[in-house]
Amino acid sequence: MKKRLIVSLMVLAVLFGFVFCSKKTQTTATPVAPQSSAVPAQKVAEKPVAAPAPAPAKSEKITLTLWNSSQTMVDWYNASVIPEFLKQNPDVGKVDILYMPIQDFTKKLAVVLPAGDVPDIMEIEDSWATPYVTAGYFDKNTPELDNILSQMLPEFQGNLTYNGKHYGVPVAPFHELFFYNLDMMKEAGITAIPDTMDEVIQDAIKMTKTDENGKITRSGFSMRLGGNPSGTCQKFWVLGLLPNGVDIYEESKKTPGKYHCGFDNEGGYAALKLYIDMLYKYKVDDFASMKDTAAFAKEKTAINMREASSSNSIIAQGPNVNWISAPMPKGAKQRATFLISLNLYVPKDGKHKDLARKFIALATSREMQAIQVKERAGYNPYKDANKTEGLDPRLVPSFQTPSDMHVYTVPVQNSYDQIQTKIGELLPNIFAKKELLDNPEGIKQEIHNLAKIVNDVYKENDEYGE
Amino acid sequence: MNRLGSKRNRQDTIFCLSIVIPIMVMFAVIRFIPILQTFGISFMKKSMIKPGQKFIWLDNYKYVLTDTEFYRSLSNTFFIALFSVTFSVLLGLFLASVVNNANIVGMSFCQTLLFLPVIVSMVPSTLMWKLLFDYNYGFINQVIELLGGKGVDWINNESIVRWPIVIVGVWKEMGYNMMIFYVGLKAIPRDMYESANLDGANKGQKMLYITLPLLRPITLFVCVMSLIKFIKVFTQAIVMTSGSQSSGNIFKTLVYYIYQQGFQLHSMGRSSAASMVLLIIIFLLTWLQMKVQKKD
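Chains A and D are the protein sequences, given in the same order.
Just so you know, the first sequence maps onto residues 1 to 466 in my numbering.
Just so you know, the second sequence maps onto residues 1001 to 1296 in my numbering.
If we strip away everything but chain A, and leave its shape as in the complex, we get (with noise of 0.2 Å):
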């Protein structure tokens, strides 16, 4: 009986152990609030919010939390940004980093912030955190924050601006380049780095090696065909549509603030043909082929299309490989790159909002920034920053920015990152038809499928406009 009574105890220890835990939990979670699903954003301002976390004791040190989701930047932090940021706050102990893989960082995302167990920064980029700022889970900027983003580049105050106010801070901002294998050229004979796409492929075509059964053993230019969805839309948005002077979405005319496929005409057509014929006409590449940075660092490829922070992997894996980075080449209608960045935010919920914000405001300085810029190849956000100062010297041409360079951002919809994913997804079957090639026809019809997709998402998300 004794024994008995003494299993019973511990049962119930258990039990109450795990009331307890859940009882704790449910504290910290965000009731949803029973409304219709096109709740203006600011309504969600309104629901209860954690309670502030009581001031330490004199003896204990804050630890401030940041999540990020690449690897080069929790070196650039804990290098250079946390030691000054302890030096100026004494009260704080220390600042945890939490990195993540892309994949578990948009999970995580999806299911924090609408808990509110969040960390006191969050590093995300453009895109990714459009539906979250619309939503109301971050704090809009501080007039501090936001006299730093007005000392940047206006693309980056459009693509954080929602409702007129200014939500986050670009900590990396990146843009897109070509990187060009020296050796290769000089060994095909060609003197000058390619200004048009066509002369990319008329040299990628020189530069490309098989075997004797036809396999390529070395790709003239490293395509992205597949892989991570928003990556291999982005690389179709950046090579395929923006140089023929189209893009993903297009503004109503009828509906302003509405939107509908940006590409379902010639452009559209001209950006899949240049994909399927740089496969199958010109085989300058192929699926099986070793692909991007490692395939440039290993030689494996001549030319690679990239943001310039690769360059440091490139001298990582490849230290030897003799390479220049060049701007992206003229389309056949334009030249055109892309200005993403990864911003930090400061989640609603967060427990140290002000310690937080004095965090953005230090990495985003213009001291942090030139030294980012100097260890990660990054680029200085800042309006009258010298671009490239503190530059590798072979990346310095591809911060030269042609005057007929036009600079695309992410627009800040709610459909966007869904559009990216799901075309993402597509994509790579469309390429691997080899049907396609001198099939207009064919190619037209899968554009127009994809284009229906497009709309059909904006008009989920109640942002069509015809």
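These are computed hints drawn from the structure, not numbers from a lab.
If you're wondering where the values come from, they're calculated on a predicted model, not measured in any experiment.
Any given hint could turn out to be false.
A few chain D positions that, by computed beta-carbon distances, are all more than 10 Å from chain A [unchecked claim]: (1) F1039; (2) I1140; (3) L1147; (4) Y1193; (5) K1203.
Covered stretches of chain D, as calculated for chain A (at least 3 residues, CB under 8 Å) [stated by the list, open to error]: (6) 1041-1052; (7) 1152-1159; (8) 1255-1265.
C-beta: ideal position from N, C-alpha, C; glycine also.
With the hints as your guide, set chain D onto chain A.
Quick look at chain D alone, frame taken from chain A:
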């Protein structure tokens, strides 16, 4: 004596209930309530990140059941489940028989080696297999080419990448199945085999008429558990086919479809509807499997 006995029985019952009820309550909170909530959400238009929800009857189910991507995921999942369960169960049984019958030094070490993949995390082990299957530098293609064959693009073609995913799953699962079968084999009385020996039964007959029938409950357990695991295949498919180094599509499975609807496209309603479809599929397959094996 009877009164004493019934008092004792009552005490036992109360004791058992006091142990079981709290556990059942916890189980209900952790398992059943979320399933019921998912069922409820599957009839709602509900965003993952925006407040508010709207009752939309069966629209989410209609969307899911008419979505070509859902059927692509379903077909991929069935393929993986079918071959992974078959191979992992057969190999598990084979290895368990070998381990059970072999009387050689170092067998327990071999057992440990065979069980090792079970405790290794799925992400690093899939990455290791991804390297082995690499088209240009992978060990497997190098062996194929050494034998005079042509290297295969294992990863970037959806109809081919299924096999590496099956192999990773079988490699990870067979050690666990082997252990379960091994325990089952140990429980079979030795005198049954001795009697069979006296009757002149050969190895095959002993396997067919003694081992397999007596292992039936274990086999049912292993099949059901493996099936449930493989129907939920996710990590190995994602790790094997995502990333900028990959070409072609991410190998979409049902769980990936659910994840994508909920966390990437933010539609909790559709994600919940797909989850309920998955639940029904698992339930039906398990029921069918139990029915067939009981009938046998």
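Of all the hints numbered above, which does this structure not satisfy? Sort the numbers upward.
none
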